[in-house]
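Please take these sequences and the hints and turn them into a complete structure.
Chains W and P supply the protein sequences, listed in that same order. Position one of the first sequence corresponds to residue 0 (numbering that gives the first Met the number 0), numbered consecutively onward. Position one of the second sequence corresponds to residue 0 (numbering that gives the first Met the number 0), numbered consecutively onward.
Do not rely on the hints blindly, as some may be mistaken.
Unchecked claim - Partial list, derived from the structure: chain P residues whose beta carbon lies under 8 Å from chain W:
| no. | residue |
| --- | --- |
| 1 | Ala-8 |
| 2 | Lys-26 |
| 3 | Lys-29 |
| 4 | Pro-50 |
As the list claims (entries may be wrong) - Derived list of chain P stretches under chain W, where covered just means 3 residues or more per stretch with a C-beta under 8 Å from a C-beta of chain W:
| no. | region |
| --- | --- |
| 5 | 41–49 |
| 6 | 65–74 |
Claimed, not checked - Quick list of simulated restraints, FRET-style, between CB atoms:
| no. | chain 1 | residue 1 | chain 2 | residue 2 | range |
| --- | --- | --- | --- | --- | --- |
| 7 | W | Gln-99 | P | Lys-36 | 34 to 42 Å |
| 8 | W | Ala-407 | P | Gly-78 | 28 to 36 Å |
| 9 | W | Arg-98 | P | Gly-97 | 37 to 45 Å |
| 10 | W | Glu-433 | P | Leu-82 | 37 to 45 Å |
| 11 | P | Lys-57 | W | Arg-232 | 51 to 59 Å |
| 12 | W | Arg-224 | P | Gln-61 | 38 to 46 Å |
| 13 | P | Leu-82 | W | Leu-229 | 13 to 21 Å |
Read the hints as simulated data drawn from the structure, not as lab findings. Note that CB positions come from ideal geometry on N, CA and C, so glycine has one too.
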Amino acid sequence: MNHRQLEPSDFHHTYMFFTGKGGVGKTSTASAAAVALADEGKQVLLVSTDPASNLQDVFGLEVGSDPAEVPDVPGLFTVNLDPEEAAGRYRERVVGPYRQLLPASAVASMEEQMAGACTVEVAAFDEFTQLLTDDSLTSQYDHILFDTAPTGHTLRLLQLPQAWSTFLEENEHGASCLGPVSGLASKKEQYDHALGALQDGAKTMLFLVTRPEQAAAREAFRAGRELDTLGIRNQQVIVNGLFQASSEDPLAQAWQKEQEEALELLADTAFSYIKLAPWNVTGLEALRAFFQDQEQPPAPEIEKSTAAGGLQDMVDVLQTRERGLFMTMGKGGVGKTAVAAETAAALAASGKQVHLTTTDPAADLSQFEALQSENLRISVVDPQEAFETYKEKVLREAEGSLEESELAFMREELDSPCTEEIAVFQAFAALAEEAEDELTILDTAPTGHTLLLLDAADSYHRELLRRHSPQADAVEKLLPRLRDPAYTMTAVVTLPEATPVEEAARLQQDLHRAGMYPAWWVVNQSFSKAAVTDPMLVLRAAAEQPWIERVTALAANVVVEPWKTADRRTLSQAGSGAGL
Amino acid sequence: MKIEIFDPALCCSTGVCGTDVDPALTKMAKLHTDLQKSGVDVNRYNLAQEPGAFVENKTVQQFLEEKGADALPVVLVDGEQRLEGRYPTKQDAAAWTGRSEEDLTPKEPKNQISLN
Numbered sequence: 000m001n002h003r004q005l006e007p008s009d010f011h012h013t014y015m016f017f018t019g020k021g022g023v024g025k026t027s028t029a030s031a032a033a034v035a036l037a038d039e040g041k042q043v044l045l046v047s048t049d050p051a052s053n054l055q056d057v058f059g060l061e062v063g064s065d066p067a068e069v070p071d072v073p074g075l076f077t078v079n080l081d082p083e084e085a086a087g088r089y090r091e092r093v094v095g096p097y098r099q100l101l102p103a104s105a106v107a108s109m110e111e112q113m114a115g116a117c118t119v120e121v122a123a124f125d126e127f128t129q130l131l132t133d134d135s136l137t138s139q140y141d142h143i144l145f146d147t148a149p150t151g152h153t154l155r156l157l158q159l160p161q162a163w164s165t166f167l168e169e170n171e172h173g174a175s176c177l178g179p180v181s182g183l184a185s186k187k188e189q190y191d192h193a194l195g196a197l198q199d200g201a202k203t204m205l206f207l208v209t210r211p212e213q214a215a216a217r218e219a220f221r222a223g224r225e226l227d228t229l230g231i232r233n234q235q236v237i238v239n240g241l242f243q244a245s246s247e248d249p250l251a252q253a254w255q256k257e258q259e260e261a262l263e264l265l266a267d268t269a270f271s272y273i274k275l276a277p278w279n280v281t282g283l284e285a286l287r288a289f290f291q292d293q294e295q296p297p298a299p300e301i302e303k304s305t306a307a308g309g310l311q312d313m314v315d316v317l318q319t320r321e322r323g324l325f326m327t328m329g330k331g332g333v334g335k336t337a338v339a340a341e342t343a344a345a346l347a348a349s350g351k352q353v354h355l356t357t358t359d360p361a362a363d364l365s366q367f368e369a370l371q372s373e374n375l376r377i378s379v380v381d382p383q384e385a386f387e388t389y390k391e392k393v394l395r396e397a398e399g400s401l402e403e404s405e406l407a408f409m410r411e412e413l414d415s416p417c418t419e420e421i422a423v424f425q426a427f428a429a430l431a432e433e434a435e436d437e438l439t440i441l442d443t444a445p446t447g448h449t450l451l452l453l454d455a456a457d458s459y460h461r462e463l464l465r466r467h468s469p470q471a472d473a474v475e476k477l478l479p480r481l482r483d484p485a486y487t488m489t490a491v492v493t494l495p496e497a498t499p500v501e502e503a504a505r506l507q508q509d510l511h512r513a514g515m516y517p518a519w520w521v522v523n524q525s526f527s528k529a530a531v532t533d534p535m536l537v538l539r540a541a542a543e544q545p546w547i548e549r550v551t552a553l554a555a556n557v558v559v560e561p562w563k564t565a566d567r568r569t570l571s572q573a574g575s576g577a578g579l
Numbered sequence: 000m001k002i003e004i005f006d007p008a009l010c011c012s013t014g015v016c017g018t019d020v021d022p023a024l025t026k027m028a029k030l031h032t033d034l035q036k037s038g039v040d041v042n043r044y045n046l047a048q049e050p051g052a053f054v055e056n057k058t059v060q061q062f063l064e065e066k067g068a069d070a071l072p073v074v075l076v077d078g079e080q081r082l083e084g085r086y087p088t089k090q091d092a093a094a095w096t097g098r099s100e101e102d103l104t105p106k107e108p109k110n111q112i113s114l115n
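Following this line, the structure appears as structure tokens:
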């Protein structure tokens with residue numbers, strides 16, 4: 000096969016991007032590469048563009064918005080382009096000077112207008128292109144590595160230079176929707192330059208990080224093709240966490256087989272791989288050992304299995320409800336879709352009418368379709384479809400009050416990057432409203448995206464209250480609905496590993512700030528809950544314990560789900576009753 | 000002759016970014032481009048993006064002090080306040096410029112080919 004073990008010498012480009020589904024090890028790989036390059040004496044900048052950066056988990060230090068050197072790694076600088084913070088700085092740059100000059104009502108309305116998702120996206124993108132094009136900045140470093148956000152978000156971020164350049168060219172009215180960055184058209188050159196850097200194979204390499212599993216491999220393929228159409232053809236696939244069973248443990252055998260089958264998808268692709276580490280990759284020592292073969296330490300005694308129950312505990316609570324929302328939230332790749340689907344199937348199997356729906360653009364629909372039954376209705380919110388529906392709705396509503404030439408003008412204006420965001424948001428609000436009549440199980444979009452929407456909810460809310468818009472009832476009631484524990488039950492889904500748990504903890508903090516209190520945490524894919532005997536899996540099970548304990552401290556109620564093979568992940572408990 | 004329109008804080012001047020699209024903003028955006036194409040000196044300032052214009056203009060600053068941001072938009076013609084709380088129509092623009100409405104409507108290309 001055309002694959003080999005990943006080596007530090009694979010990392011030699013000026014710009015290196017690490018993309019892939021959440022939880023595949025982008026941060027670990029990018030961090031290990033950055034440390035290796037710095038240890039060689041290079042000047043290296045490691046950039047996180049994730050709204051919930053986990054660079055700080057890997058290095059065990061705070062990563063701020065200005066590049067700072069990592070204490071024990073001379074030459075390695077880290078920076079976090081947190082979109083929320085970027086937006087905050089941008090807002091302050093615009094509003095700050097006018098605080099004393101304009102009346103309070105004017106300052107308040109400026110701030111409110113700039114609190115939306117649009118500003119966040121635009122400000123983050125602006126900082127991102129500055130990093131790619133600012134010569135005084137880039138000349139300081141031999142290598143700049145981007146530990147990018149989860150795939151959907153990454154793609155949007157990377158797609159933007161193309162989308163916006165096209166938009167600026169085609170829209171003769173001057174890019175009105177891009178308003179939050181004033182004088183944006185004047186930055187077109189900077190954006191073209193950024194896209195040029197991304198497409199330049201001599202300067203840039205895009206690493207598609209994946210795990211040896213079907214969904215992640217398919218996702219890597221999809222992402223690769225999508226970037227290819229944007230002219231970014233300089234791609235290299237990295238398969239992280241290759242596992243070799245060293246015993247007859249049936250779970251270990253099943254996992255190895257599953258990995259081999261998944262890798263058949265990549266049969267025609269050249270890729271490099273990283274073997275599964277017997278511990279979680281955090282701290283400098285682990286990062287420096289990343290590219291070496293690990294000598295397996297002796298397996299410890301298996302710790303007592305957690306007292307936490309299974310999904311049925313959560314299903315029992317939902318049984319008592321006739322309406323309302325149940326949402327799974329968490330980073331991509333932790334199994335939100337599976338938990339949502341399994342919960343819905345279990346409810347349907349016991350005779351409950353439920354509506355299962357997804358707003359995740361990366362959701363695997365076959366998982367859903369297999370579950371459809373008399374009691375279980377399934378729907379998908381496709382962002383592109385929602386976008387088209389929204390545009391048509393807006394145009395229909397405007398028909399009465401606008402002339403034809405004005406309508407044509409509006410049609411053109413609606414084709415903007417921000418409109419899609421609003422469309423998906425409104426679809427989400429509509430789903431929350433439908434839940435008035437029907438118990439609705441929602442598999443939410445990835446965390447960063449969801450949070451942008453939830454954050455936007457508040458400013459939308461205020462704007463609507465001001466405008467008394469009748470058709471916006473669903474949007475107006477969204478936050479109150481999400482905040483009502485009797486209406487909305489939220490489960491934070493995570494994996495028993497350092498990074499997913501810390502990310503989920505930050506998600507919960509953000510939700511608390513928005514006035515939402517998740518009733519459940521689901522720890523998915525636990526080796527310690529499954530009866531593993533393979534030495535490597537026993538080591539992984541032992542490494543899980545501190546993280547399960549941490550979740551128990553964070554959560555109101557905990558569910559721990561045993562590790563399952565992919566084919567059993569969705570349908571395990573519910574399959575028999577799901578009308579299959 | 001100079002027309003100046005001071006908008007409230009908007010995400011964008013056409014309103015398509017809002018939670019629901021306000022046709023008044025689309026009308027205004029269209030009128031703005033029509034007037035520009037007809038050679039009228041017309042400017043729009045968005046409070047969220049160009050607060051400087053609101054501060055530099057004494058009339059507008061005083062308007063904001065007295066009535067607050069919720070009373071916007073305000074429209075000035077040659078520096079004098081003509082409208083508040085609503086956008087101008089093509090009739091307004093015709094009266095101010097002394098030109099006919101048709102004269103302020105640029106010719107659309109007639110022979111558009113539809114590919115649908």
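Hint check:
1. Ala-8: holds, 4 Å
2. Lys-26: Given a least distance of 6 Å, the restraint on Lys-26/P holds.
3. Lys-29: At 5 Å from the nearest chain W Cβ, Lys-29/P passes the 8 Å test, so the hint holds.
4. Pro-50: holds, 5 Å
5. 41–49: Since 5 is at least three, the answer is holds.
6. 65–74: Check passed, 3 qualifying residues.
7. Gln-99/W <-> Lys-36/P: 34 to 42 Å: holds, 39 Å
8. Ala-407/W <-> Gly-78/P: 28 to 36 Å: holds, 34 Å
9. Arg-98/W <-> Gly-97/P: 37 to 45 Å: holds, 42 Å
10. Glu-433/W <-> Leu-82/P: 37 to 45 Å: 42 Å Cβ-Cβ, so the 37 to 45 Å window holds.
11. Lys-57/P <-> Arg-232/W: 51 to 59 Å: holds, 57 Å
12. Arg-224/W <-> Gln-61/P: 38 to 46 Å: violated, 59 Å
13. Leu-82/P <-> Leu-229/W: 13 to 21 Å: Violated - the Cβ-Cβ distance for Leu-82/P and Leu-229/W, about 46 Å, lies outside 13 to 21 Å.
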